[in-house]
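Q: Keeping their order, the protein sequence lines are chains A and B.
Heads up, this note's numbering is the position in the first sequence plus 130, with the first residue counted as 1.
Heads up, this note's numbering is the position in the second sequence plus 1, with the first residue counted as 1.
Mixed in with the good hints, there may be bad ones.
[Claimed, not checked] Below, in silico cross-link-like pairs of lysine-lysine (DSSO-like), each with a Cα-Cα straight-line distance of 27 Å or less:
1. K37(B) with K141(A)
2. K37(B) with K57(B)
3. K68(B) with K37(B)
4. K71(B) with K57(B)
5. K69(B) with K57(B)
6. K187(A) with K69(B)
Don't read these hints as lab results, they were simulated from the structure.
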Amino acid sequence: DTGVSQDPRHKITKRGQNVTFRCDPISEHNRLYWYRQTLGQGPEFLTYFQNEAQLEKSRLLSDRFSAERPKGSFSTLEIQRTEQGDSAMYLCASSLGGQGYEQYFGPGTRLTVT
Amino acid sequence: GEDVEQSLFLSVREGDSSVINCTYTDSSSTYLYWYKQEPGAGLQLLTYIFSNMDMKQDQRLTVLLNKKDKHLSLRIADTQTGDSAIYFCALGPGRRALTFGSGTRLQVQP
Numbered sequence: 131d132t133g134v135s136q137d138p139r140h141k142i143t144k145r146g147q148n149v150t151f152r153c154d155p156i157s158e159h160n161r162l163y164w165y166r167q168t169l170g171q172g173p174e175f176l177t178y179f180q181n182e183a184q185l186e187k188s189r190l191l192s193d194r195f196s197a198e199r200p201k202g203s204f205s206t207l208e209i210q211r212t213e214q215g216d217s218a219m220y221l222c223a224s225s226l227g228g229q230g231y232e233q234y235f236g237p238g239t240r241l242t243v244t
Numbered sequence: 002g003e004d005v006e007q008s009l010f011l012s013v014r015e016g017d018s019s020v021i022n023c024t025y026t027d028s029s030s031t032y033l034y035w036y037k038q039e040p041g042a043g044l045q046l047l048t049y050i051f052s053n054m055d056m057k058q059d060q061r062l063t064v065l066l067n068k069k070d071k072h073l074s075l076r077i078a079d080t081q082t083g084d085s086a087i088y089f090c091a092l093g094p095g096r097r098a099l100t101f102g103s104g105t106r107l108q109v110q111p
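Isolated chain B, as found in the complex (with noise of 0.2 Å):
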C-alpha cells in the first residue's frame, strides 16, 4: 500500500521560513495536498499539487514536487504564530480516498 513519511516536529522563528518535507512510495498518486489541522479542530485544505507539476505558488505558500525523488515539500513565507498547527501531506488519485501522512507538529516562536 501507500507509505507517506513525515518528520513529527519543526521549529521555527516568527519571520523566518518554514519547510515541511514529505515523501511518499507510490507514484501512482496524482494529487498530492497540503492540510491544516489546529488543536481539536478539522483538517483545512491549504493547496495541492498535480502530479505534472513542479511548483505551485499561493500567496505565503510554496510547494514543490520532486517526482524522481518522491518528495514533496511546503514553504511557509513569513511564518507568523498563527501558523502554529499540525500539518499533513495527502495523496489520492483524485477523488477517492486520500492517504495522509502522520503529521508535522509546526511550533513558531515569538
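Only chain A is shown next, with the shape it has when bound in the complex (with noise of 0.2 Å):
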C-alpha cells in the first residue's frame, strides 16, 4: 500500500505565475478531493471527483482555479496568474466508491507565493 502521493511537495512561485500540482490516489480508490489548508486551520474542502466525473466544488474554487482527472486515476490541480493569497497547503485525499466513508490524505504540497 504506498498510499496517496502528491507531486511537488514544496513549490514556491512568482504572484501571477501558474502552478499544477498532481495527487496520485490509492489504488483502488474511485473518489479523489482536494482540500485547501491556511496556517492555523483545518483543511476547507476544494472540490471532489467520482472517476473522471467532476461532482462537487467549493465556491473557495475560484475561476482562476481548475482540477482534472482524466482517466479516473491521478488528478492534477492548476492554479492560473497565483496571488499572495493562494499560499496553502494543498492537500489531497481519496477513498474507496460503495461504502468508503474513510478518506485518506496525502502528504500535501506547500505552496509559497512571492
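Join the two chains into one complex using the hints; note that each chain is given alone, in its own frame.
A: What follows is the structure, encoded as C-alpha cells:
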C-alpha cells in the first residue's frame, strides 16, 4: 500500500505565475478530493471527483482554479495567475467508492507565492 | 453552513489521559472523524463514528458522541510523547466533502 502521493511537496512561485500540482490516489480508490489548508486552520474542501467526473466544487474554487482527473486515476490542480493569498498547503485525499467513508490524505503540496 | 469548534491547545503529562473536545452545529452529519496531523505532514485518519453510535473504542482511543449536545470527544489513554500533534475533528455525509474544525494542538510533557 503506497498511500496517496502528491507532487511536488513544495512549490515557490512568483505572483502571476501558473502552477500545477499532481495527486496519485490509492490505486483502488475511485473518489478523489482536494482540500486547502492555511496556517492555523483545518482543511477546507475545494472539489471532488468520482472516477473522472467532477461532482462538487466549493465556492472557494475561483475561476483561476481548475482540477482534472482525465482517466479516473491521478488528478491535477492548476492555479492560474497566482496571488499571495493562494499560499497554503494543498491536500489531496482518496476514498473507495460504494461504502468508502474513510478519506485518506496525502502529504500535501505547500505553495508559497512571493 | 456547518460550524465545527475545537479548543486550541491541550497540555498533558506523559501517561495521563487526554480528552480533546469538538462541538458542531449541523445535526445532519452522518459520520464524525478524528484526524491527526504532525508538523509538515498530511492528515492521518485515527478513527470515525457513525451518528447512530454513542461510543467507539479502538485500542487507546475512545470516541464519545453526544448527539443531543452536538458534542464529540476523543480520549487518548496513556498518552505518549509521540501523540503530540494537532488533532482535527471533521464531519461529513460520508462520501463527500468533510468539514473540519480548526484543530487542537496536543502537547505531551515527559
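Q: Next, verify each hint and record whether it holds.
A: How the hints compare with the structure:
no., hint, in the structure
1, K37(B) with K141(A), "24 Å, holds"
2, K37(B) with K57(B), "17 Å, holds"
3, K68(B) with K37(B), "23 Å, holds"
4, K71(B) with K57(B), "16 Å, holds"
5, K69(B) with K57(B), "17 Å, holds"
6, K187(A) with K69(B), "31 Å, violated"
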